[in-house]
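S.K.: In this text, residue positions in the sequence shown follow my numbering: the first is 1, and each later residue adds one.
Do not take every clue at face value.
What the hints assert, rightly or not - DEER-style ranges, computed between Cβ atoms:
no. : residue 1 : residue 2 : range
1   : H58       : D14       : 25 to 31 Å
2   : T153      : K101      : 34 to 40 Å
3   : K2        : L145      : 23 to 29 Å
Simulated from the structure, these hints should not be mistaken for laboratory data.
Using N, Cα and C, we set each Cβ at its ideal position, and we do this for glycine too.
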Amino acid sequence: MKKELIRVVEKIKDIVDEISEDDLNRIVNEIKSAKRIFVVGAGSSKLVGYIFANRLFHAGYEVHVMEESTLPFLTKEDLIVVISGSGETLLCVKLAEASKKIGCRVISITSHPESRLAMASDVVIRIRGREELPKDKDYLTRVLLGEYEPIGTEGLIFEIATIIFLEVVTSYAAKQ
């Protein structure tokens, strides 16, 4: 068990090493220039989004997790941050596409820069995670059909690396 723990930590370090300074600066600048920030995700990625939104809120930003029934209308001054390991979760893709139509800036955080989500984004941050995509790439569809993958460390590596990335981003974007 300890070997697996060390392997996971080393893999996360390798993934974090791949994130460029430009990616960090790009997302910090997008956050600082946005009027409001909306965070989107499904499943474990949504939990990562809640952590990120909470940190941004405490740093002084107006931030919403996109699922609330009282969401305000989007404007072109808003920023959408979409977290999806596969980049194919239908909810995430559709919200990114709709946000682009309004003129919002869209940042995606995904393991798959060739995904539909990435194609609908202004900025794509690649954080490696599960390399192989399931036959049905949409997370919600897999859950409803009972085809969700069993719990394992590979599935959480994307989320853990994303939390680390977003923690650093938030610390640099914090309003003084």
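S.K.: If a hint holds in the structure, say so; if it doesn't, say that too.
M.R.: Hints versus structure:
1. H58 - D14: 25 to 31 Å: 30 Å, holds
2. T153 - K101: 34 to 40 Å: At 38 Å between Cβs, range holds.
3. K2 - L145: 23 to 29 Å: 36 Å, violated
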